[in-house]
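S.K.: Read off the chains here:
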Amino acid sequence: MSDRIINNIDDLHDMLDAAIQLEHATIPPYLTALYSIHPETNIEATATIRAVLVEEMLHMTLSANVLNAVGKSPELTAPGFVPEFPTRLPDGETDFSVSIDKFSPETLETFLKIERPSKTQGDSNHLGPKGCLARTNLSAFQLRAVRPKSAPEYSFYSIGDFYEAIKSGIEYLEELANKEGETIFTGNPSLQVSSKYYYSGGGHVIEVYDKETALQALSLIIEQGEGHGHKIFDSEGEISHYYRFEQLKHRQFYRLGDEPGQPSGEKFEVDFDKVYPIKPNPKMADYPKGSQVFAAASAFNHNYQQFLSTVNKAFRGEQDLLLGAVCGMFRLKDHASQLIRNPIPDDPTYHGGPTFEMSYEEASHISREQCISETAK
Amino acid sequence: MTNQAYQIQQFIELSGALTDFNAFTLNGTGQVQNYYDTLNRIVGRVMVEELLSKFSAIYEASTDHEKFNELLRKQIIGDEKFGPVARNIIKLWYTGMWYQMAQFWREAYGMSDEDVTFFVNSASYAEGLLWQAIDANPSGAKGPGYGSWSLPPNINFDNCWQFKPFNHTS
Amino acid sequence: MSEANSTMKQVTPDTAVQNSANGKYDAVIIGSGISGAITAKELTAKGFNVLMLEAAPAKDMTYKGFRSYLNTYYANASKDNNSPYPENPNARMPRSTDVSKLKPGVADAKGYMVQNGPLALDSTYTRVTGGTTMHWEAKILRMLPDDFSIKSNYGVGLDWPISYEDLMPYYQMAEREIGVSANVEEQGFYGIKYEPGYVYPMHGLPPSYLDKLVAQGIDGAEFELADEIHTVKVRPFPQGRNGIPNERYNDGQGFKPVGALSTYQVEQGGRCQGNNNCVPICPVQAKYDARKTLVVAAKTGRLDFLPQAVASKVVVNNLDNSIKHIEFKHYSSPNSTEHTVHQVQGKKFILATNAIENARLMLASNLPSSSGLMGKNLMDHTYLLAWGLLPQAAGTMRGTKCTSGIADFRYGASRKTQAPFGVDIHNDGWGWATGSPFSDIETLVDEENKFGRELRQSVVDRISNQLLFAFMVEQPAQESNCVTVDNEYLDALGNQRPIINYQLSDYSKAGIAYSRHTSKVFFQRLGVQDYSKYSPLDYGYFNHDGEDYYFRGGNHFSGTHIMGTSALNSVVDENQKSWDHNNLYLVGSGSMPSIGTSNTTLTLAALCYKTSEYIIEELSSYSVGVVMDSDYKMAKGAENE
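Here the protein sequences come in this chain order: A, B and C. For the record, in the first sequence the residue sitting at position 12 is 12 according to the UniProt record's numbering, with numbers rising by one throughout. For the record, in the second sequence the residue sitting at position 68 is 68 according to the UniProt record's numbering, with numbers rising by one throughout. For the record, in the third sequence the residue sitting at position 311 is 311 according to the UniProt record's numbering, with numbers rising by one throughout.
Only chain A is shown next, with the shape it has when bound in the complex (with noise of 0.2 Å):
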């Protein structure tokens, strides 16, 4: 069989579906940590998982810009598009689960896994597509940017593998596209997501029109999750997601010219204790039925499936959505901060906490009164 991942269209358009949803399976462990964080406290740590999160979204959202520019449309309301809580992500020759879960030191761990440069496999003997091994908990992975379409037994060696592969993918497709004197970059431009809609911070989006322009926009993801070559700050001064993170641990914040793990910045004080008990990859069934915090989550996961419902119409041309759904996001954290500060009534050691469980079916008959409403305790 060929070792190439990407044979055609329909595989890049796969993996870039992959790839958001990718993107996106990170900001709920993200959100919960951040606001599981006791408000006026942990500023330095609240400051850099914000960071973070804001960045993450713009990920999701050049992974969008490519895929529109090859002519698809994300699909970010379809079933499975979020993941179920524990989810699987490999991390070389292991791999490790990502929660829901408050701040902790065990929450940090995970992120520094997320965010972790990717060891290449190298010249190894591994057998299968570049950038793959076969593992024996495949099934574990529900994430489809784990394993490539055409090689399922296999599995990426980690999430820079993964990128890697979309990348020579698109080279590979567009060089064969050239030869006949087409271009794969067939979508509608105006459909690309501009820096105008674009909220805060967190670098500017890139409009996708080319193979330039594709790969800027990957090559600027890989850059700010794991670093550029291994170096801490990028060519702008920028810090890497893992780095962030790092300085957490250390307590410290990197300067210019630091070796990694040896920060030489400023210190800060992080307080695990300041943060609120959230049951660990909290599901609705926790939550009594009745109660008002089973109403508020119940609430909180179909706000956010509409959240999800107006981003995704924005990737397919109504741009102007954006901003409102930014709105809707900051509401978002009103709930979920609520909810986090609630003792779940029969297990009050534990906290509510949003379960991000997305009900397919009835979505469209669930109205926000009925979630909201009070029930009887």
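One or more hints might be untrue.
Stated by the list, open to error - Covered stretches of chain B, as calculated for chain C (at least 3 residues, CB under 8 Å):
| no. | region |
| --- | --- |
| 1 | 18 to 24 |
| 2 | 129 to 135 |
| 3 | 156 to 165 |
Note that these hints are calculated values from the structure, not bench results. Glycine residues also receive a C-beta, built at the ideal position from the N, C-alpha and C atoms.
With the hints as your guide, set chains B and C onto chain A.
M.R.: Relative to chain A, chains B and C alone:
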């Protein structure tokens, strides 16, 4: 349930009745314990217990919300001793700020050194219920996002407090 | 992208003194507000070395320092416009909470500014790094072309030595630096013009829901005034805060907004979130403040920043009347008055404190200007507030402080007899007038005895329905309104404090009275229940033609060192250069001979660009040897670091 946990639950219910926000919303401010402690520190444990048991008695004696409100007004809001405390609880929830008690009350029922006007903590300001009531963000915090101000406010009473027949076992 | 961007090279007094003795500094700038910051940025960009003295500590350049302002604000029971900023006895600032009703003939010295009356002025400024832009509202209007010649046109106040056209290119520079969000097509009225094809750096902020309700009610209302019809139209204001960048800006280059400052990377401030707290502090730093300009100057490596240094005396060289040096007092902690006294010098001295402090420092240095006008012609915008309840929930208390207003009384022949005014629709409701929304809760609970559902409903009706118009009335120059100093009033470091002598003319009062008249018509059209009250006990109270009013200060101090056409009629020339001292510049709104009905910041920033251009020309025209000498020293300095 420990005595304190029971007291706090009663405090939440009393606060709900006074402010018209349900327990979920009150808990959602993250301030229940802080406000309960502040109240105890300034007006004293004995008075807080008295107030809460009076509240329980009113609750038990009431068959419906109307009757409950009437008793609440006469026996707590309109009470020389408890009225000012109840009004301070309302203001505490709505603004995040403890207001110094009136002079006549201080002379009659004790002058705590801590009884000055202050925000309970730097987060309590942003948790004032008044902002939720009008669907606005607290001035200076929780910015609702670019352009949100262009839409009409979504003011509703979905998270209101509701009178329910009192249940001793809960 | 928010990179780590606020590294500032701070120097010690000894280093500054030594450097200045070695002739390192092309300019010594006093004050790190917007005027000082722009001048420093322009000069350092051209290779000149600048020393900047700032009276306040500089912790606020870090994100943590900024957060501590926020915490102070959240926890402060008072929410006045200086409430986030710590008390500092060594560099005090005026606070509106210090102002109370004056007794005739008795000066009130309890605040930093001594109120000598007859009226008390509650305007403030902020003495922190970044100056008053830390608490400014950031509505950012150009002046009307008419405003530059009110003496010639209407026989009131003073004329400028330059025109709107002269300032146009500098207005553009200021709008770029501040990052103004506005739509040109909504701003070109009553003579305001723009270069063809000009667009603001960012698109205009959306108007509030409240604005739209008000516009529905009053757009098209007609007023006859001095035989002219004024037709009302609610219009959005240009804003000095980040919105959506305009892709057409700068010939299609677009614009990159500047977010929050921090020594490490934070993702904030890229776009206004509607925190409704522009005054006294924007929590996400989407609002422009001068620190954003300052850090660019600092990045050149040519800005030496010396905080906790309070300029105390400007010393003149008797031979040629040039400035010899500036004396300053350096304190080691705000908690102690212990300080050391030093002198610094440079080729140019630039006083960029503010209209009050510039004049105060000059007067304290015994330099009243050969024109005798130092400190005189003190102006401010006088505000009348009118407030009431709309018949429906308007979503008040959301958005930036103010998104729209009315410009239709800013112009016209009536300016001969009564002061013109602009109108703000306040998204923060009655806050300015009554202390709302907290005062509303107190009233509803303590006086109206509400609780439960009835209370919650009343909170909605009493707050979300609020409407407040703030009428910003022009005050023309008048010499009797002035800043003075007296040894009787000293601050903790022994520096003379400013004494404010302030009165409203009949011209101002007539404008205020007419603005009140328009408010009544607006309320009638909107079905608003009028709650306005002007108590004789209020410190801003006055009676005009039998009616009660009060006024509030606009925090737009200006005119204390006006520019003019000669040393006889003014303190500075059109480049803000002192007529008396050829190496001294007094910059800022103090140079403005009239202020029209525009908030002063954009115009004073534009003036700073004009002045910087002039100073750069002057510095560059010195013998080539001098410039090379300074380059040489720069290189030397870099080696030694």
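S.K.: Could you run down the list of hints and mark each one as holding or not?
M.R.: Against the structure, the hints:
no., hint, verdict
1, 18 to 24, "holds (count 4)"
2, 129 to 135, "holds (count 5)"
3, 156 to 165, "holds (count 3)"
Of the hints listed earlier, there is not a single one the structure fails to meet.
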